[in-house]
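> Chain by chain, the residues run as shown.
There are 2 protein chains.
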Amino acid sequence: MAVKARITVYPRPEILDPQGKAITGALGRLGFGQVTDVRAGKSFEIELSKKGRNVEKVLAQMCEQLLANTLIEDYSVELLDGGAKK
Amino acid sequence: MAVKARITVYPRPEILDPQGKAITGALGRLGFGQVTDVRAGKSFEIELSKKGRNVEKVLAQMCEQLLANTLIEDYSVELLDGGAKK
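Sequences listed follow chains A and B, in order.
0 is the number of the first residue of the first sequence in numbering that gives the first Met the number 0; add one for each residue after it.
0 is the number of the first residue of the second sequence in numbering that gives the first Met the number 0; add one for each residue after it.
These are computed hints drawn from the structure, not numbers from a lab.
Don't take every hint at face value.
Same chains, same names: a pair is fine if it fits in one copy or spans any two.
The list that follows gives simulated cross-link-like pairs (lysine to any residue, SDA-like), each with its CA atoms no further than 25 Å apart [unchecked claim]: (1) Lys56 - Val2; (2) Lys20 - Ala1; (3) Lys56 - Leu15; (4) Lys41 - Leu29; (5) Lys49 - Ile71; (6) Lys3 - Glu72; (7) Lys41 - Thr23; (8) Lys49 - Leu70; (9) Lys49 - Glu72; (10) Lys49 - Gln64; (11) Lys49 - Leu78; (12) Lys56 - Thr69.
Everything numeric in this text was worked out from a predicted model, so none of it was measured.
Could you build all of it, start to finish, from the sequences and the hints given here?
Written out as structure tokens, the structure is:
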């Protein structure tokens with residue numbers, strides 16, 4: 000059974016996020032003064048050909064090996080067809 | 000009242016996504032042969048100082064004006080403290 004997942008990767012909270020800061024400033028200049036903070040990250044929608052029992056573990060391995068730099072980034076894994084898990 | 004939202008921006012389905020294709024190939028070479036497709040997008044976590052009645056409309060305006068290139072990208076807006084809406 001095919002399964003779809005979303006992986007979100009953000010800079011760790013203690014890491015500076017210059018892209019987010021730039022967007023915060025740009026939104027302010029565009030008139031969106033109510034914006035106090037922006038974090039800029041990446042999102043990946045992944046389709047797998049079958050749903051194994053360990054699909055969340057497999058997705059976490061993809062993050063560790065390729066999608067996230069865990070020194071400076073946190074990731075979260077979310078199964079899109081029901082069920083959500085870190 | 001402060002409010003937090005997540006904006007996700009993906010290339011439109013009819014647009015080529017070379018970054019996603021490259022990741023699909025790289026995951027395959029790393030042994031994740033069950034991956035059939037990857038779409039690579041952006042994610043923004045936005046904090047607003049107050050929750051107006053039109054917060055979703057305001058967030059959509061931010062996407063139209065700055066965060067997404069609507070010629071080639073789709074966006075979705077999600078309020079993080081309860082409630083979700085396109």
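> With reference to the structure, classify each hint as holding or not holding.
Each hint tested on the structure:
no. : hint          : in the structure
1   : Lys56 - Val2  : within (14 Å within a copy, 32 Å between copies)
2   : Lys20 - Ala1  : between (38 Å within a copy, 18 Å between copies)
3   : Lys56 - Leu15 : neither (29 Å within a copy, 29 Å between copies)
4   : Lys41 - Leu29 : both (23 Å within a copy, 20 Å between copies)
5   : Lys49 - Ile71 : neither (31 Å within a copy, 30 Å between copies)
6   : Lys3 - Glu72  : both (22 Å within a copy, 20 Å between copies)
7   : Lys41 - Thr23 : both (17 Å within a copy, 16 Å between copies)
8   : Lys49 - Leu70 : neither (30 Å within a copy, 33 Å between copies)
9   : Lys49 - Glu72 : neither (28 Å within a copy, 28 Å between copies)
10  : Lys49 - Gln64 : within (20 Å within a copy, 39 Å between copies)
11  : Lys49 - Leu78 : within (13 Å within a copy, 31 Å between copies)
12  : Lys56 - Thr69 : within (16 Å within a copy, 34 Å between copies)
Consistency note: the structure conflicts with the earlier hints numbered 3, 5, 8 and 9.
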